Amino acid sequence: MCGIVGYVGSKDTYGVLLDGLKRLEYRGYDSAGLAVIEDNALHIIKAKGRLATLEKLTQGMIAQNTAGIGHTRWATHGEPSDINSHPHTNVSGDIAVVHNGIIENYIKLKAMLKEEGVKFSSDTDTEVAAHLINRFYEGDLLAAVQKAVCMLEGSYAMGVISEKHPDMIVCVKKDSPLIIGVGQGENMIASDIPAILKHTREIYLLEDGEVAVIKRDSVKVYDEFGNECKKSIFKVDWDIAQAEKGGYEHFMLKEIHEEPKVLADTLLTRIKNGRLDLSEAGIDENFVRNIRKMFIVACGTASHAGFMGKYIMEKLARMPVEVDIASEFRYRDPIIGEGDVMLVISQSGETADTIAAIREARKRGAKVVAIVNAVGSTISREADAVLYTRAGPEIAVASTKAYNTQLMAVYMIALEFARIRGTMPDGEYNRLLEGLKEICTAAKSVLEQKEILQKIASRQFNQKSVFYIGRSLDHVLAMEGSLKLKEISYVHSEAYAAGELKHGTIALIEQGTLVIAVLTQDAIFDKTVSNIKEVKARGAYVLALAAGKHGDLKDFADEVISLPDCESLLLPIIAITPMQLFAYYMAVEKGCDVDKPRNLAKSVTVE
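Per the working numbering, numbering of the sequence shown is gapless, rising by one per residue and ending at 1449.
One or more of the hints may lead you astray.
Unchecked claim - When the alpha-carbon atoms are kept at most 25 Å apart in a straight line, the in silico SDA-like pairs for lysine to any residue are as follows:
1) LYS952 with GLN988
2) LYS1432 with ALA1198
3) LYS1135 with GLU1086
4) LYS1103 with LEU1411
5) LYS1057 with ASP1009
These are calculated hints, taken from the structure and not from any lab test.
Please read all numbers here as calculations on a predicted model, not as lab measurements.
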């Protein structure tokens, strides 16, 4: 949520900031703004809406050899508006602040500042920070920021500039992501790597409590006690081209087409001498031995990978598993401790609720395994073991390839746990490992169904409600398929366990209602077919997804998408792809902003 960019150097600061914010649009936002120091004066330009509005307001403006900060805001305190947009300033307008996160005690601080005569102009919590910094400013901006943040409760990543220090940015981090890009004669700050890749591949990863002073020729980082820290350079190993559309109409479509490659990248590099080797992730016999129970914790799409993980882990590794939505985990006083392992799943590695769950689990003595996509992220640094999904940058807000690779990672961990725990014969292990390899190849054939799905979407995009049904693993697939449709096309949809239809839900089925039935699991295929017959009898239009070997399904469904005849247990890894494509084409038909759906953010860094 929210994007922060800051720049100090000789290039046009307006241009660098706008370009950086464009590369952070996937994070979600409803307004944007810039603060740039020109001729020793602070210039603030901000507006509600897309970056195109900000670009028009700054057209023709150039500022070189100076500092500036930029921000895209996702509203938390105060409605989306020009006034509530960042940057925010102190009363005299000579200090500007951009902020990602939530200041939990801002009401108390605001009341204190008002008693001191401060007048507020916005409804945001961030404005409190600007006035606090001004309150402590006595000629030293770093010292003022350090004193101000001592009074803040909550989460924050902040960039601060002052017209009295035209060559400097001060930034600080706590629980919200912030990196420093280290260049030649220029330095940057940003919420995420894509914003700085055009200028440098070398970054510093800030830790919680650290404050940094950024100048064009230097970067100095201090810990929470004011001691200067020595930071190691982290080198980004992917190219900026991976964060561009590459000829596709939307990032989402490009990322769906990348699924065969990223699945192979996630799996094949971890196979050595005919078996999985997850030791580089920290998962080996010493780690797995004596674990009694697993908790899987995640949010949104990642939670669906977690629910899939429960089925797979219990079936293969015979280990009891509980799944929690991260935002609820801490508040049910979970029974977790030594001997337990928490598996957390997050694309960004910065999900606030998931980070909080990790800290609670570790406080109680549990081990933590993380499945993440972002190297160097907070979750990757705080977990005991980390399996990177190697999906590459995912720019579209709605997750596609990251989800597929999360599923692959879940299967890999379950298979390795099963091998170490001795719950699976060698022959079965080898068969399933070969099956995972086959899945990587078969993923390409699923994409061949896209024209069929596009035609179906062109006939169905006016649906008011869509229902997804499935059993067992197929129910989890239905949940994720339904979420994708809601996220980007704004069509109401619900996912149900197919066997529950007769317990009330079937009352919602009427003539022409679109029902998407998922049938990847051979053992319960006939059961789901009977549910298809039930909805057909009430006038539903049924789109079914099943392996090609079930050709007779055409006798019961109106449309059938044929999936490869892979191992039934593993098929869900690629069976989600047709539902991603269907959601995509439905959104395109409705004229929606596919890559940046309304009100959503890619990286949810607030609770």
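Results of checking the hints against the structure:
1. For a cut-off of 25 Å, the pair hint linking LYS952 to GLN988 stands: about 18 Å separates their Cα positions.
2. With a C-alpha separation of about 38 Å, the suggested pair LYS1432 and ALA1198 falls outside the 25 Å cut-off, and the hint is violated.
3. With a C-alpha separation of about 42 Å, the suggested pair LYS1135 and GLU1086 falls outside the 25 Å cut-off, and the hint is violated.
4. For the suggested pair LYS1103 and LEU1411, the alpha carbons sit about 21 Å apart, so the restraint of at most 25 Å is met.
5. Using a Cα cut-off of 25 Å, the hinted pair LYS1057 and ASP1009 holds, with the two alpha carbons roughly 6 Å apart.
In the structure shown, a violation is registered for the earlier hints numbered 2 and 3, in ascending order.
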